[in-house]
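Student: Letter by letter, the chains look like this.
Number of protein chains: 2
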Amino acid sequence: MNLDSIFNPKSVAIIGASTEVGSVGNDIVKNLTTQGYTGKVFPVNPKATKLYGLKCYPDVLSIPEKVDLAIIAVPASIVTTVMHEVAKKKVKGAIVITAGFKEAGQPERELELSEICRKNNIALIGPNCLGVINPAIKLNASFAATMPPAGGVAFLSQSGALCTAVIDYAQKLEIGFSKFVSVGNKALVDETDLIEYLANDPETKVIALYVEQLKDAGKIIHAVRKLIHGPNPKPVIAIKSGKTLAGASASASHTGALAGNDAAYEALFKQAGIIRAYSTNELFDYLRVFTHNQLPVGNRVAIITNAGGPGVLATDEVIDSGLSLAQITAASQKKLTAVLPAWANFHNPFDILGDAKAKRYEATLKIILADKQVDSVLVILTPQTMTEIETTAKAIINCKKKTKKPIVVNFMGGRLVTEAVRTMRSDQISTLQFPEQAARSLAMLTKFAGQQKQKSTKFNFTDINKKAVTKIFTDAQNRGQKALPEALALPVLAAYKFPLPKYYIVQNETEAEAAVKKINGRVALKIVSPDILHKSDIGGIALNVEPHEVKQKFHTLIKTVHKNAPTADLKGILVMEMLHVPSSAEFILGASKDPGLGAAVMVGLGGIFVEIFKDVSFGLLPLTKENAAQMVADLKANEIICGARGQKHLDGKSLVESIGRLAQLLTDFPQIKEIDINPLVILQEGQGVKALDARIILE
Amino acid sequence: MNLDSIFNPKSVAIIGASTEVGSVGNDIVKNLTTQGYTGKVFPVNPKATKLYGLKCYPDVLSIPEKVDLAIIAVPASIVTTVMHEVAKKKVKGAIVITAGFKEAGQPERELELSEICRKNNIALIGPNCLGVINPAIKLNASFAATMPPAGGVAFLSQSGALCTAVIDYAQKLEIGFSKFVSVGNKALVDETDLIEYLANDPETKVIALYVEQLKDAGKIIHAVRKLIHGPNPKPVIAIKSGKTLAGASASASHTGALAGNDAAYEALFKQAGIIRAYSTNELFDYLRVFTHNQLPVGNRVAIITNAGGPGVLATDEVIDSGLSLAQITAASQKKLTAVLPAWANFHNPFDILGDAKAKRYEATLKIILADKQVDSVLVILTPQTMTEIETTAKAIINCKKKTKKPIVVNFMGGRLVTEAVRTMRSDQISTLQFPEQAARSLAMLTKFAGQQKQKSTKFNFTDINKKAVTKIFTDAQNRGQKALPEALALPVLAAYKFPLPKYYIVQNETEAEAAVKKINGRVALKIVSPDILHKSDIGGIALNVEPHEVKQKFHTLIKTVHKNAPTADLKGILVMEMLHVPSSAEFILGASKDPGLGAAVMVGLGGIFVEIFKDVSFGLLPLTKENAAQMVADLKANEIICGARGQKHLDGKSLVESIGRLAQLLTDFPQIKEIDINPLVILQEGQGVKALDARIILE
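Chain order of the listed sequences is A and B.
The numbering of the first sequence is my numbering, which starts it at 487 and goes up by one.
The numbering of the second sequence is my numbering, which starts it at 487 and goes up by one.
Careful: at least some of the hints might be erroneous.
Remember, identical chains collapse to one label, so a pair may be satisfied in a single copy or spanning two.
List of simulated lysine-lysine pairs, DSSO-like, C-alpha gap at most 30 Å [claimed, not checked]:
no.	residue 1	residue 2
1	Lys880	Lys658
2	Lys1100	Lys933
3	Lys843	Lys516
4	Lys957	Lys575
5	Lys1049	Lys1134
6	Lys843	Lys533
7	Lys720	Lys988
8	Lys1049	Lys887
9	Lys1111	Lys705
10	Lys526	Lys1100
11	Lys843	Lys658
12	Lys1134	Lys858
13	Lys1176	Lys953
14	Lys1111	Lys1134
15	Lys1134	Lys1045
16	Lys552	Lys1004
17	Lys843	Lys536
18	Lys1057	Lys968
19	Lys516	Lys845
20	Lys1039	Lys1134
21	Lys624	Lys843
22	Lys516	Lys933
23	Lys1100	Lys1134
24	Lys701	Lys1037
25	Lys536	Lys1176
26	Lys1134	Lys1122
27	Lys1122	Lys1079
Hints listed in this document are in silico derivations from the structure and should not be mistaken for laboratory results.
These figures come from a predicted structure and were not determined experimentally.
With the hints as constraints, model all of the structure from the sequences given.
Tutor: Printed below as a string of structure tokens:
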């Protein structure tokens, strides 16, 4: 979508321009006329003649010149009427500030609005938003009072009120913005469209999102991965609220969107390569570190400090965040002896002692930065009596100019360090308040560097029988059947080449005995009925049945089910081979739908432990081989697959393939609402997996 | 320990007072003479006559008047000599600033120093420290440049350099201090002594610790619990560094103390009732909230905000931190309709909308504070164009004065909110930078209120046979045996009345068959040898042996062990009853020693899962019934005990009792270095537990 008319309009009409000072419709005109925007501004207000020295027009169609962008702040009830006029005027960008749409229980009104824009090729931001700011051209098309300084951060926010806080706080931190977008209800333009646009925006270096709900995981993953792996990669950092149920419903009450499952978002961010900030504090930390540094080539951090305690705190966080402490070369060690006192710590973290002056900091930093075994540096300073705070800051600035390695700085203190911190900030040095924050931010920068290297290999199954599944689903839909129990779900899995044990559906004892003969071993008997989804609850399963017991057990099973579910329509008994596999583990594989993101695949350790340890991981579509492998690697139960405690290795590769087959099934049949393959038994390495039971729910 | 001579000296001698400006020995004299201290100051320097207008003395004994406190900053090699003179002078408090003791590989020097002080009843702070500050009497007995403002926080720090950063940052936050102590190597006075002293210090409201290593869990738990449950309870907040191995060794290199196991510290803080901050950022947040608020009576929080997004972020954190969203009464709901616009959110979080002015904030806050279903309030403000920032701050201050309920405030922004934040801070309002921080801090305040209510019930076992264990351990020690395998460990458990299966130690096949007859069922055969601690590794175990197989299996077992461990001294075969318990679970119970804290009891789910899920919890001595119950409750595997997924309830009560019995054993026999009871089988409710195997290692 071309959003130039939104961000770089040559002319702007404000429909709903108000003469009432302090009103939204007045603020926007003020912002457009007093903050340096050089384009044309046309206030539309049928009752006024002049506003901030500009002629007012009764409606947008009366404006004699071309209008690129229309900002709409009229009452909700007339927004669509106005939008028709905007369309007629051939305006190509619109921002609807007005609230009173989906978030107020008026989804139809919102749909009508978006349809007008879609048909007329109008890029629509909002409704229910604060507006848009482009500091580079001094365009404040919002009712936020302050124009943030220009810089490299594009900020997209699903909360309008948060924007004003962010602008104000960012100014204090000297974080500049390339674009500022309050996305509102996202009736048309959403984060994905904006990310695609910002990918080619030369002013944007980092994209930051405040998100309550996102739509269409596939589109987001595609857009972000394209950006990250493109010629001009930019990090995308997101904070997602509504993690808890209470938070999600609070969020729904103010944007009208369901927040969905946090684990699905976790998967989305991982697959797309979006850096997740878990708090606003972290978000700002990451913005500072990402805007000021190039990416490190590896994860080896050197810590230089004049204080032991903060050095230890930073070390803890370095390790906890998955980085490693750099081991410097013998040559560097030797060089350090020339610049440090004998009782300093020559091992990382480098404690250069409380009496370290600027020269000692600079000499150490130079040696460490030059060391080929160091990928990034964290400098800590506490204000001791003899500490040369400002001079040390300048030394760091000088060193930073001569290196490509990231440097993150923590001058720990208050008033004493304020001036030095300000100097460093305005000279492109990332300074953080506390050592832990500095370490964590550096870890995220490193993580992003790793993201860039991640490959995307598609699964490619040539052995699947899509037609067979289409028929099963069509037949079920024709019958009005949504829940497909085992007897219908297993053929679906078979068509997608999930390995299954031998099984037969039989109608009587004689057929059962014939089936057992073919299986030639112990069997499981399970009731087949479209009315019974949870067979074990009503005694519809008999396990470990010996061949000679089949007749009697068949009889008992039918009797029990008749008693416990007298109205159920019995379609027979499923006779299934029992597996005899000493080294194996029961996993669970499944999928459900997130209201915004779409189908989410889940894998985890099965049995009682899935509920107790909740050791599951999620993946979204489209799912690459790397994603599926990562899902398995993320499980603690992966240790079982890798042969925990001297046990045999299990067939993890086949588990990964099964995840891929399930993802393929979900891609091919979006009508699947839920699917459970439980248990999926993972056999020894090289022996594959077996799906023992399954159920499917269609939309 | 009476530390009055340290904190409230009428006269101070500085031994090692230096004429060299910028040196530590000079800074201390300057701090004592220029920052308002009104006591007598005696610089000791044999080479100088005057310093900062004061007469210098050649040594402490030459001072003609009584000296309460001696600050020592002479070279490490002569510190003990000086301390002898200090003792002779009958000085009762000493601060040794000098480094070069345990942390520099000189533990003997440190021991000698502490011995002199102990014998002469001198309270010793240090060595290797920054000193002590008591702002109330303007005593800056340290080389920190700045005197922090007086206030309610006592700060004890194991890192000297951290102190200067804390003082500087705290000033910015308007946090005041009652005492400031750099504890250094803690050769004599440690955190426990200081906590006991500060318990009775009227100026101290909150005690904060920066800790790398602590000693003697029992002493700490006793001191802190006494403080919390005493007539004048004060919260103790700690940040512990050296969580990771790399962090721990970095910490060791600068204080010479081993950091120990972080899980043991987690247990210590929980049992003692110490609030743990996981970062310096959190520490400061908690200090702000604890110093300004009374304790809430419950965990129901109301959030008032003019911005949806931050309200959602706060809600997430409220729930994640274990608090709940208050549901206000119908009466309050009705009152709210009179003061809020119709489209505000009348449910918690209360979104009073972006155009909320001070009056709306105040009216809402009053209604919410008066609601009996609200225990604490979180107020969020973002600076919208129409927001009355300063007036709202004043409204909050007014409301706070009329309520006992905690109020935590987040004015989210930068320059626009600076003045209002400053006003609130100086008027005893806790303001935090971000909504999540505000919510988390409130959660900690609530958690502390809960801590105060926690009971301490001692285990009281009257059925244990201490003598029998004494004999087993004495015999082993006489033999020079440190590792006690099953055959020696089980009798120890039997003496402490752990339920055991029937077992017999036999020497030959005939005795084995006789044992099986008495057991009357399947048995396990296990090799008995002082040389073999891990029996299964060398094939020394046979399980599920049928009575008729005993002879043959006995023979095979002996043969296998002879082959795999030809030199092992075989003392026979242990014949043990096999349990037949369908509903049961294998747990592991054990203990090891933390280098600083002492014996740590561990409980967890046994088998392969202990390693994969690391679902274990720890407890320290002395261990109350409540602590043991909490250890079990903290396990995810507790769900198995509570009957996960329709299974039978297991005997959790007996597991708790077993933890108590193990704690008693460890208390009675401190020579136990390690003990493992694995597996400890938990039977169905009412049927107890069974210890199937054990081993003990003595010091």
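Student: Please flag the earlier hints that this structure goes against, numbers listed from lowest up.
Tutor: 4, 7, 8, 10, 12, 16, 22, 24 and 25
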